[in-house]
Amino acid sequence: CQCTRNPGPGSGSSLIPLFLCITSGEIVVNEVNFVRKCIGAEKSHDDLWGKLICTNFKVSFVTHEALAQPRFQVSNRLLGEHDIPLACVDQVVTVNDAKGKKKVLGSNQKLKFNPSELILYCKDFRIVRFSFDEAGPEGAKKVCLAIAHYSRPADPQLLFGFELIGTRYLEDGLNGARPAGGSQTPLFACSSDWDREIKRTGAAEWRVCSVNQGYGVSPSLPEFFVVPASLADQDLRQYAEAFSGQRLPVWCWNHPNGSALTRMAAITDPLQQKRLDQRICNAIIKSHPQRGDVHKADLDKNLPSIQQVNNSLVRLRHICVIDPFEETEEKWLSSVENSQWLDYVRTFLKHSCDVVYILEGLNASVILQEEEGRDLSCVVSSLVQIMVDPHFRSLSGFQSLVQKEWVMAGHRFLDRCNHLKKSDKEESPLFLLFLDCVWQLMNQYPSAFEFTETYLALLSDSMWVPVFSTFLFNGPKHHDFLEDKKITLGEGEELCLPPVWDWSQQLSITDQALFNNPIYVGKAAPYAHNGAVKSFRRTKTGWSSTLRGTPPALARNGLQGSQGTLPRRNSLAAQLKSDLFPVRDVPESPSERFARDWFSGPADPQGLLLPQLLPSHLALWRLYFLRWVPEAVIPRGGPVTAVHAVSQLAHEIETLQSQLRRYKGPTPGSTPRASPAGGPPGTPHAEPSRMFFKAGSLYEPSPPPEFLSSSFPFTPVGNLCRPNLRGTPISKLLNGAKTWLSTETLAGETA
Amino acid sequence: MTSCWSHLLTAKEVMYICPFRGPLRGTVNVTNYRLFFRCMDQEPVFVLDLPLGVVSRVEKIGGASSRGDVSYGLYTFTFQKNERLNKEDVHNTKRLLSLPQPIFAFEYGQVFPENGWKVYDAIAEYKRQGIPNESWRVTKANDHYELCDTYPSSLAVPVNIPDEDIRRVAAFRAKGRIPVLSWIHPESQATVTRCSQPMVGVNGKRSKEDEKYLQAIMDANAQSHKLFIFDARPSVNAAANKMKGGGYESEDAYQNAELVFLDIHNIHVMRESLRKLKEVVYPNIEEPHWLSNLESTHWLEHIKLIMAGALRIADKVESGKTSVVVHCSDGWDRTAQLTSLSMLMLDGFYRTTRGFQVLLEKEWLSFGHRFQLRIGHGDKNHTDADRSPVFVQFIDCVWQMTRQFPAAFEFNENFLVTMLDHLYSGLFGTFLCNSEQQRELPKRSMSLWSFINSQLEDFSNPLYVNYSNHVLFPVVSLRHLELWVGYYVRWNPRMRPQEPVHQRYKELLARRAELQRRVEELQREVTNRSASSSSERAGSPTRSITPVQTFV
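If you read the sequences in order, they're chains H and X. Residues in the first sequence are numbered consecutively from 191, following our numbering. Residues in the second sequence are numbered consecutively from 12, following our numbering.
No incorrect hints appear here.
Using 27 angstroms as the maximum straight-line C-alpha spacing, the simulated BS3-like pairs for lysine-lysine come out as follows:
1. Lys186(X) x Lys216(X)
2. Lys302(H) x Lys332(H)
3. Lys884(H) x Lys517(X)
4. Lys237(X) x Lys223(X)
5. Lys287(X) x Lys521(H)
6. Lys615(H) x Lys300(H)
In short, the hints are calculated from the structure, not lab data. Bear in mind that the values here come from a model prediction, so they are computed numbers and not experimental data.
With the hints as extra help, turn the sequences into a complete structure.
As structure tokens, this is what we get:
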């Protein structure tokens, strides 16, 4: 990181030593001094004084003051503590208190008043507020306009990632961070990655085809993709014309039983539809070792549209961070329901389960069909693979999955993120929805994933750091895109942006340990049973309800319960008649039966995983949605405290293992000596711990440190400053304990 | 099987109508402890096992049919499971199930290595808190329950209030439940005290002794010149109680005291709320409107109010260093919830397994939460208005805290569920009767703690880290409160308990122990070797040494 000492204009600036973190290619557009960043909602004494800077990459607030409260934050190598990438800014609102004016600023707009406040609504749910009461009015105005202009780049050249083109990422990395030692994620841009995937899944009757080399057939498919071995290149070329976007059917993945998961766009030519359908189905059947059937899943029909998903997130954002905390409290549950977000999460999971059932239960192949085949099918195909194939629940496996089913499959990240603020209709948080679905699985099967929810949140945040090739394009064909946008590459220049998987661009090795789930059971886990990948099959075991530690003499499914008193509203007999067989109104579908059978046995973290779909089992992803809300932070609490406890244990195990290795180390003939510390000699080749939290003293777990909270590693301090929020969190919470009175209350007050 | 179980009845060819799987044909056995149904037709075998204690009511449905058969519908209602049997030919079952039944606890002969009745000793617990001290003493005024028959025999009261004044205070407090100490802060000496409502009545009666008494509670804490009185009730309800002679402290009469109403509703509202909750989760969960249905039961809202009340108490004592007095009407339902929850937040001891048992024995059992009446053990009047899920609600609050602080409690979810299961099962004597005075009899049965403390492994939370004296302030917001699925929805066959992190943690513990053993072994070997090699080197320096073998 190249930290520039920036004296800034004006005499007073020498009081504040300002450090601005500048990434290569970044330039300062405008800046204003004596700005107050609002920290507390009411009192201003916690507020920070500093300089507000707009560069072509981010909004930066530079201060020498430190936040009063103990806090912890992952330091991003590309961003300072108070920085917001311009791509993350959703809305720029300027306020003039005295005049009672407010304006939402767009690109190239005029501002007729001098702003006294600037509020930035961010795509990652933050709301950041700056006050200009001591700053020069003209300077403040200029910075506001600059932020508005650069955060809504009318011209793609203004999107920062493209500034970097031609800079020396390969030699230096952004910011000088060494590129890509850590990124071993297959990118599926070359045929060998596909070859390996075919071998790994045992898809013998499938082949890598290169008809699209140079994007001659379809601009949105990758140059290499996998097709049934029985389809020849010339057939494919001929078929392609009939598909929307020339998106031929492509292979995603093979189930161990030989069934294949494939995806394709709609056939636009009605005359060819039947014939083509038939040919493709036949080819897929031929590629199945048992000639298993092919099922088609019509995603457009069964799943919500991208706009519906977007509207849902807008509603959820409102209740999570914009509406006042206490006022939403009473109706919280129904508000969450009305946002429909969890409904959609459930629908996608459910649909993916149905596909799993076809692959696993019916031993048949599946075609995911969608108009364009680049949106909903990304979610479904990746969820299916995560549920069935434990490989995709490892960190590198998961990254390769996103690469394979999203980036290479041509998901329009640029449009869906709306980086260019071109069309709001195209914006949709499908990728976040996918991450939420993964979180639900992770929440239900905590030891099945190598990575943590922190990883998912940081991955999602990276979408708004527009320097990663992963999220900047609408498909694998980058060059063309650049030509379209009239971005020219100089002589010998190559478009070489890092993928987000090169995490060293953003995080130190130490902080990357936050990704590792200490209780992961898998091949990569160096401790505990090095779980071999078990078969996907499960053993069925007897059905019995949950057995709670009853004495051996006690029963097996002890129906122990609770409240006895059922006020006798309606006669029991009457009730009985109406529901003598109240079992199910709707007959169980085969896929539900399949799920039920599966649920009757124990789950294997390295086997098939199906999510519980009862609405009572789907939860709001609190870390992501509530991390900036100060009222919702549990000090020294939250799921991370469990991670903290397990990590310490896992770290002790690592330590012991490295001790053992050191004992093993000495070559025959040499004499092992006992060192005073108990650690024997040998090569002190200490690997960095996989655990973020280390054990302090061995064998005595320490309580969670003060900086740990349910928002960890994020901090709400200064990141959620809702306008007009009154009262400190705790007092508000306590005074606001709302009551309602029912007639029974008054009548029955006897206790 | 324990020998004390006597088999009373067997009936074959019985139809059980399962709410989840439809009618099942099988055999019913009834013993003096439970009803046992087994259906062999299904694969896997279906078993229903029901301690008679959980049966809330039994009804006969239908009568003699035209063919002259008698069919009975047995409807056993519990919260988690609605079970119904349609049976032929068996007349006796209904008779047997008709309550009251003798409670099985007295016949249960299982022997455990631990004696749970010894878990709680009031004097020892006072001592742990540093009582008696210069401000508080333990009085013998209630030695034979003459002062208050729903209180324990030993009570901690302010030092400078003589026993005769205490009797006058008792006369002014409902059911004689005077303010007594529940917990004292080890540093600030701020206290949590509990009592019942003052008998103010419509005319605003006052009691000098009571006023002096509360002043003494305040004076016992040098850190603060204020006293907070937390009335658990909504203010309207508290005012309504004046009509019946009760009421609340007026701030005129009690100088320096501030009265706060916590707006927690009474047992009837809670019972109704849980009934609604049952309708929402049982037998099936309606998918489209799950959250708004849940909201309409107000169950989580009630949980929130109780926890918010306890949080305010804990906050006043910890942050404000101020003593608090807690009461509702009688001081045995909402008051018990509030004092025990705030003590759980304030004192890490109560977050250990044994400490939690002490907390229950003290704040619930010895201070006369009327378990018999609220649960209705051995009572067939299932519509009794005195029944209420006050204790279930408290355990739900504890569970909410364990969710927010997964490493702060020594016990696990299984411990909480087991406790609630045996609240109804009638297998143990712990939750029988209404007060300490009545509880001589149950002591002849087994204590639930005997069973639990004999196999602590099953009930322990491996993630437990001693937070030492750290006070827990949970976030009391619907954003964090959740429905306790592992309890209320557990009978749903589509429900599978969440994969236990604990199991995995235990594997890691075992792995660590194994590694530790190996490292120590090697260290010993190395030490021995270096000792011997140095002596050998002196003798024969050419001797080669075999390398250490390890197997990782």
